[in-house]
Amino acid sequence: MLFLTIDILGTAVFAISGFLGAFDKRLDFFGGSIIALVTAIGGGSIRDVLLGVTPVGWLSNRPILYAIFGGIFIALLFRKHLLKLRKTMMLFDTLGISLFTVLGTQVSLSMDIAPVSAVLLGTSSAVAGGVIRDTLCNEIPLVFKGNLFYATPCILGGFLYWILLKTPVNTEWSAIIAMSFIFTIRILAVRFKWKIPELV
Amino acid sequence: MLFLTIDILGTAVFAISGFLGAFDKRLDFFGGSIIALVTAIGGGSIRDVLLGVTPVGWLSNRPILYAIFGGIFIALLFRKHLLKLRKTMMLFDTLGISLFTVLGTQVSLSMDIAPVSAVLLGTSSAVAGGVIRDTLCNEIPLVFKGNLFYATPCILGGFLYWILLKTPVNTEWSAIIAMSFIFTIRILAVRFKWKIPELV
Amino acid sequence: MLFLTIDILGTAVFAISGFLGAFDKRLDFFGGSIIALVTAIGGGSIRDVLLGVTPVGWLSNRPILYAIFGGIFIALLFRKHLLKLRKTMMLFDTLGISLFTVLGTQVSLSMDIAPVSAVLLGTSSAVAGGVIRDTLCNEIPLVFKGNLFYATPCILGGFLYWILLKTPVNTEWSAIIAMSFIFTIRILAVRFKWKIPELV
Numbered sequence: 001m002l003f004l005t006i007d008i009l010g011t012a013v014f015a016i017s018g019f020l021g022a023f024d025k026r027l028d029f030f031g032g033s034i035i036a037l038v039t040a041i042g043g044g045s046i047r048d049v050l051l052g053v054t055p056v057g058w059l060s061n062r063p064i065l066y067a068i069f070g071g072i073f074i075a076l077l078f079r080k081h082l083l084k085l086r087k088t089m090m091l092f093d094t095l096g097i098s099l100f101t102v103l104g105t106q107v108s109l110s111m112d113i114a115p116v117s118a119v120l121l122g123t124s125s126a127v128a129g130g131v132i133r134d135t136l137c138n139e140i141p142l143v144f145k146g147n148l149f150y151a152t153p154c155i156l157g158g159f160l161y162w163i164l165l166k167t168p169v170n171t172e173w174s175a176i177i178a179m180s181f182i183f184t185i186r187i188l189a190v191r192f193k194w195k196i197p198e199l200v
Numbered sequence: 001m002l003f004l005t006i007d008i009l010g011t012a013v014f015a016i017s018g019f020l021g022a023f024d025k026r027l028d029f030f031g032g033s034i035i036a037l038v039t040a041i042g043g044g045s046i047r048d049v050l051l052g053v054t055p056v057g058w059l060s061n062r063p064i065l066y067a068i069f070g071g072i073f074i075a076l077l078f079r080k081h082l083l084k085l086r087k088t089m090m091l092f093d094t095l096g097i098s099l100f101t102v103l104g105t106q107v108s109l110s111m112d113i114a115p116v117s118a119v120l121l122g123t124s125s126a127v128a129g130g131v132i133r134d135t136l137c138n139e140i141p142l143v144f145k146g147n148l149f150y151a152t153p154c155i156l157g158g159f160l161y162w163i164l165l166k167t168p169v170n171t172e173w174s175a176i177i178a179m180s181f182i183f184t185i186r187i188l189a190v191r192f193k194w195k196i197p198e199l200v
Numbered sequence: 001m002l003f004l005t006i007d008i009l010g011t012a013v014f015a016i017s018g019f020l021g022a023f024d025k026r027l028d029f030f031g032g033s034i035i036a037l038v039t040a041i042g043g044g045s046i047r048d049v050l051l052g053v054t055p056v057g058w059l060s061n062r063p064i065l066y067a068i069f070g071g072i073f074i075a076l077l078f079r080k081h082l083l084k085l086r087k088t089m090m091l092f093d094t095l096g097i098s099l100f101t102v103l104g105t106q107v108s109l110s111m112d113i114a115p116v117s118a119v120l121l122g123t124s125s126a127v128a129g130g131v132i133r134d135t136l137c138n139e140i141p142l143v144f145k146g147n148l149f150y151a152t153p154c155i156l157g158g159f160l161y162w163i164l165l166k167t168p169v170n171t172e173w174s175a176i177i178a179m180s181f182i183f184t185i186r187i188l189a190v191r192f193k194w195k196i197p198e199l200v
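Chains as they are written, first to last, in the UniProt record's numbering: chain H, 1 to 200; chain C, 1 to 200; chain G, 1 to 200.
To be clear, the hints were calculated from the coordinates, so they are not data collected in a lab. Computed from a predicted structure; not experimentally measured. Be a bit skeptical, because a hint or two may be false.
Covered stretches of chain C (in silico footprint by chain G; criterion: 3 or more residues with CB under 8 Å from a CB of chain G, positions within the stretch not fixed) [what the hints assert, rightly or not]: (1) 97–111; (2) 116–128; (3) 150–160; (4) 174–181.
Below 16 Å or equal to it, Euclidean Cα-Cα: the simulated EDC-like pairs (lysine to aspartate or glutamate) are [stated by the list, open to error]: (5) G/Lys25 - H/Glu139; (6) H/Lys25 - C/Glu139; (7) C/Lys25 - G/Asp112; (8) H/Lys84 - H/Asp24.
Note that the Cβ used here is the ideal one computed from N, Cα and C, for glycine as well.
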């Protein structure tokens, strides 16, 4: 129930961020909606397609579809107010990437692949949507250059989850611990402006 | 037979538009051919991959492969004349997106997914090739910002098709009506310069 | 054994080229690593996904995963020296595309698709990773406009391989001949600065 709520809120926030990104680029309503859609479902789609889990999950997941259309609707109506709510949106976005990473890693670990690949696919579930959003908007993906400490907590949290599963900790608690870890690191990184060193 | 002809003409026109887009960017012959190929098969490939219909259709569809190579050949030989034939090309392109949307929606509805997803995949069959073309050419996809009323008729036509299938109208006539609808709306939109409001 | 060595060296060089491309764009360490990863596995992933060979190969291929992480590590430590080793890197890259094309064509021919599609997927195995790298770095893909005679030898070599398989030459020798052909053409093209005519 908690997971489902975070899933829906996270997806809606991803859709909103896609729509607002399109708005910055002066796209029309259709362009905004499509970018909202691919931002919300891009990461999970890539994971499912690479794993061969098809039809990919969102195609038949009505709550997720409603969350996306709701996100587009909210972004369309309230886009000027949303800019003032950056902190709230960042919070839901962080909840979203924490959950998506752990769920993505979980799904991937259940297939016959290397654990490191499962962590990579888990991280991709969380961040690839944003990468597609930025590429379609003709930008170098923010996550690659913003020094935002955005994907690194996901990778670390994915590995933490994998390690916890090898301990007596049960699956649910492993997920909760790994998600809290990702959430905390990301919030601390934003709060204290941690940076990944730029390549020189 | 009519559907097959439209399929082939539409695919060839997609390939031509990809090649001409590459020409504008001063790419070489190989670059032009690859962009022609992905423009022609990109949308259907994304649909098939997300649905898990693999190997994706065009890989073993010889008429479609010939249509693509024919389109590249025509674009190479006649690229200066083709620029004067924009109206004819627009006509075939519109026939193409009408057919691709309805066929794409049909294939998707036959899988166990939400109807709205089927319409989205149908539309994607028609427009995603052009999105990939523009992204590879380092442009924001035209369909997102050109106010061209290009994808919206596809979405509406996809929904119309889905509704018609629930009526006593048979599958073939449902397809013909939905295609004619998409075709008419798109032609009217071009003729009377309909615009989707830009986001402000 | 020879093939495996080339596979690993080629993959590592692809990862290095992705990391160095990201370095040129002043991305951070994470961005560089992701671009290294997609450069190394992008082509093979697209082939596998279009064919429906899932989970895609690299996810459970430990030597390849080590080659990628090794490539990232080498690129990080020695990136200034690597710029002086362009010739050596070009050699491994050329070995890599020769092998990837032939192996990709081989895998594809074993599926029920048109031979020309198999050659296209084989070429895509070799060059699509670089295309994704350049697109993520917000550049028009080098292979489309650099006049580099990069993909053309792959296409020709893929067809040569397909033809050889129809002769009494056995599979292994067919692969070796086709790879040598791709390697030689590419090296000659670089040595004598062959160009594909730009479209005018």
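Results for each hint:
Only residues whose beta carbon comes within less than 8 Å of a beta carbon in chain G count, and the stretch 97–111 of chain C has 0; fewer than three means the coverage is violated. With a threshold of 8 Å between beta carbons, the proposed coverage of the stretch 116–128 of chain C by chain G is violated, since 0 of its residues qualify and at least three are required. Note: the stretch 150–160 of chain C has 0 residues with beta-carbon separation from chain G under 8 Å; the three-residue rule is not met and the coverage is violated. Residues of the stretch 174–181 of chain C lying with their CB closer than 8 Å to a CB of chain G number 0, which falls below the three-residue condition for coverage.
A hinted pair counts as satisfied when its Cα atoms are at most 16 Å apart, and lysine 25 of chain G with glutamate 139 of chain H qualifies at roughly 12 Å. The hinted pair formed by lysine 25 of chain H and glutamate 139 of chain C meets the criterion: a straight-line CA distance of about 12 Å does not exceed 16 Å. Among the hinted pairs, lysine 25 of chain C with aspartate 112 of chain G is inconsistent with the structure: their alpha-carbon atoms are about 36 Å apart, more than 16 Å. This hinted pair checks out: lysine 84 of chain H and aspartate 24 of chain H have alpha carbons roughly 15 Å apart, not beyond 16 Å.
The structure fails hints 1, 2, 3, 4, 7 (numbered hints given earlier, in ascending order).
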